[in-house]
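Colleague: As a plain string of letters, each chain reads:
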Amino acid sequence: MTSQTKLQSKMQAAASAPRWGDAVLLIVAILGLWALASWFFGVTNLPDPIRTFRQIWIEISDPEFGDHLAETSKAFGTALCISLIGGTFIGVLLGSRRLAGDVFEPLLIALYSIPKISLYPIVLLMFGLGISAKIAFGAIHGIIPMVIFTMTAVRNIRPVYMRSIRTHRLTAWQGAAYILIPAAVPEIVAGLRIGFSLTLLGTLLGEMFASQRGIGHLLMRAIDRNESPTIMALAVMLFLFATSVSLGLLQWDRYLRRSA
Amino acid sequence: MTAIVIAHPVPTRRSGMKQAWLTYRVILLRTAVIALSVLMLELASRMGWIDSVSFIPPSKMVLSAWDILIAGTYKTDIFLTLSAAGLAVILAVVFGFLFGVLLFKLPRVRRVLDPLLLSYYAVPVFVLYPLLIVLLGLNRWPLVALGFLFAVVAMAVNTLNGLERVPNVLLRTARMLHMGRVREVWLITLPASLPFVFTGIKLSIVYSFIAVIGGEFVLSGAGFGYQIAYAYNNFDNPTMYGLMMLLLVFVGTLNLLLHTAEQRLYQRRVLKEIA
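Chains as they are written, first to last, in the working numbering: chain U, 9 to 268; chain L, 24 to 298.
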């Protein structure tokens, strides 16, 4: 038992320790492949890394860019907040009521795996063109994984916690706020990692279809104008943002699991 | 646990109704929830509580879906979407499997690629769609490529997961019997990791459909997603809802079948492990 836990902790330490050599190797490999692909397809079709990074600078210094970025950030931030708060709330509710959880879980999983983009017109009809439709669409994407993760965490909570809720005669709200949610935080963070990326995807998809502002709109405009450097620059910016946040959340998740 | 069961023995004889209620309670309630929400929507639309032009009653959606199916107007679009998604699934499964095996055989490569695999789905791959159109032209290939990119990593990660869980004793058996590489994969590795590989295949199918339909919806000239967007742009709501209905029924059935098959595979594996 002890040797096993020792091994586990050693493995965890190895997994979480930053390996800068590997990271540098990965980045160099990606840049190398990218340059190769760019040479293969032609620089005008697929700009090489140097050109792309120069283009990123051009995009950022464009005075319009700030407005588009603000629009996307606002839509994405609001959607993420709704996903996080709503997802945690519904997740705790469904997790603590076993019957309700059993009834709704397959429905949630079915909802998770349908191509929600095809339902975007309904969202547009409901909220009209504009930022609220994007927020709604982002939140629809993000809230489901949050609910599923929180629900599973609350269901598998240690029985002693449930007993302590009963012995202290906590109300449902107190029980959720002081016991259930704190105990489920590692799972909530794991759900947030998936919810984050799906909310970003939903918001961007919403902007790519029937929208006049935002990063998604810039992407679609670049297709119309056939500006592949702009597409590449925007894609790389989004990739860098999403990857760094995701890795950050992963580190947080690992830290919580280790201390739990 | 057993002590509790002994202290409160479950009454074995109950009236038939009550027993049936307890067994099927969850399924019945679930059906009731769905039926009630459909009914509410129907009522709200018919009574004019919500705008009945934007939100047509579900009965009309079903009728429209049936008409579309009978008339066969969208046969080519359905075929195009299915073929693009199918091709993406095949490519993703084959290359994802090979990629997973490669990662398993080369741990050094895997360690370097690990951050990429972990954060792959954080990146909205959809933003590559415009680039794929520039590279491959506005035809079906960018959609296939998008579906492939969306699905291949899920397949690879699940293959890797499955290979890591192949019991050591089976691998030793393979070595003892002097199996070649190909025979070892075919007779030992693949059957032993099948449930996990199947999860990969399931995710590949789901992701490919999401990507292909999303791509068609955003920018393309044909296909199921395109027709939904086209109907929306023309304020043709009955057609739009009919198409959505067809799509949801199709994808829902597909997911249900895959899910059932997956559960069966995992159960068989668990039973084997217990035995």
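It is possible that some hints are incorrect.
As the list claims (entries may be wrong) - So the derived label-pair ranges between C-beta atoms look like this:
id	chain 1	residue 1	chain 2	residue 2	range
1	U	233	L	244	14 to 22 Å
2	L	86	U	44	35 to 43 Å
3	L	195	U	45	36 to 44 Å
4	U	170	L	50	21 to 29 Å
5	U	97	L	69	40 to 48 Å
6	U	41	L	256	32 to 40 Å
7	U	175	L	140	43 to 51 Å
8	U	163	L	70	33 to 41 Å
9	L	50	U	181	39 to 47 Å
10	U	51	L	188	26 to 34 Å
11	L	275	U	135	18 to 26 Å
These are calculated hints, taken from the structure and not from any lab test. C-beta atoms are modelled at their ideal positions from N, C-alpha and C, and glycine is treated no differently.
Colleague: Is it true that the C-beta distance of residue 233 of chain U to residue 244 of chain L lies inside 14 to 22 Å, as the hint says?
Modeller: Hint holds: Cβ distance 19 Å, inside 14 to 22 Å.
Colleague: Lying within 43 to 51 Å: is that true of the beta-carbon distance residue 175 of chain U to residue 140 of chain L?
Modeller: holds, 45 Å
Colleague: Are residue 97 of chain U and residue 69 of chain L spaced within 40 to 48 Å by their CB atoms?
Modeller: violated, 32 Å
Colleague: Please test the hint of 39 to 47 Å on the beta carbon pair from residue 50 of chain L and residue 181 of chain U.
Modeller: Taking Cβ atoms as reference, residue 50 of chain L and residue 181 of chain U lie about 31 Å apart, which means the hint is violated.
Colleague: Kindly confirm whether 36 to 44 Å is satisfied by the beta carbon distance between residue 195 of chain L and residue 45 of chain U.
Modeller: Holds, at about 42 Å.
Colleague: Is 18 to 26 Å respected by the C-beta to C-beta distance linking residue 275 of chain L and residue 135 of chain U?
Modeller: Since residue 275 of chain L and residue 135 of chain U have Cβ atoms about 25 Å apart, the given range 18 to 26 Å holds.
Colleague: State, for the Cβ atoms of residue 41 of chain U and residue 256 of chain L, whether the hinted interval 32 to 40 Å holds or is violated.
Modeller: holds, 39 Å
Colleague: Does the hinted range 21 to 29 Å hold for residue 170 of chain U and residue 50 of chain L at CB?
Modeller: holds, 26 Å
Colleague: Does the Cβ-Cβ separation between residue 163 of chain U and residue 70 of chain L fall within 33 to 41 Å?
Modeller: holds, 39 Å
Colleague: The hint says 35 to 43 Å between residue 86 of chain L and residue 44 of chain U; measuring C-beta to C-beta, is that right?
Modeller: violated, 54 Å
Colleague: Assuming the hint says 26 to 34 Å, is it satisfied by the Cβ distance from residue 51 of chain U to residue 188 of chain L or not?
Modeller: About 45 Å separates the Cβ atoms of residue 51 of chain U and residue 188 of chain L, which means 26 to 34 Å is violated.
Consistency note: the structure conflicts with the earlier hints numbered 2, 5, 9 and 10.
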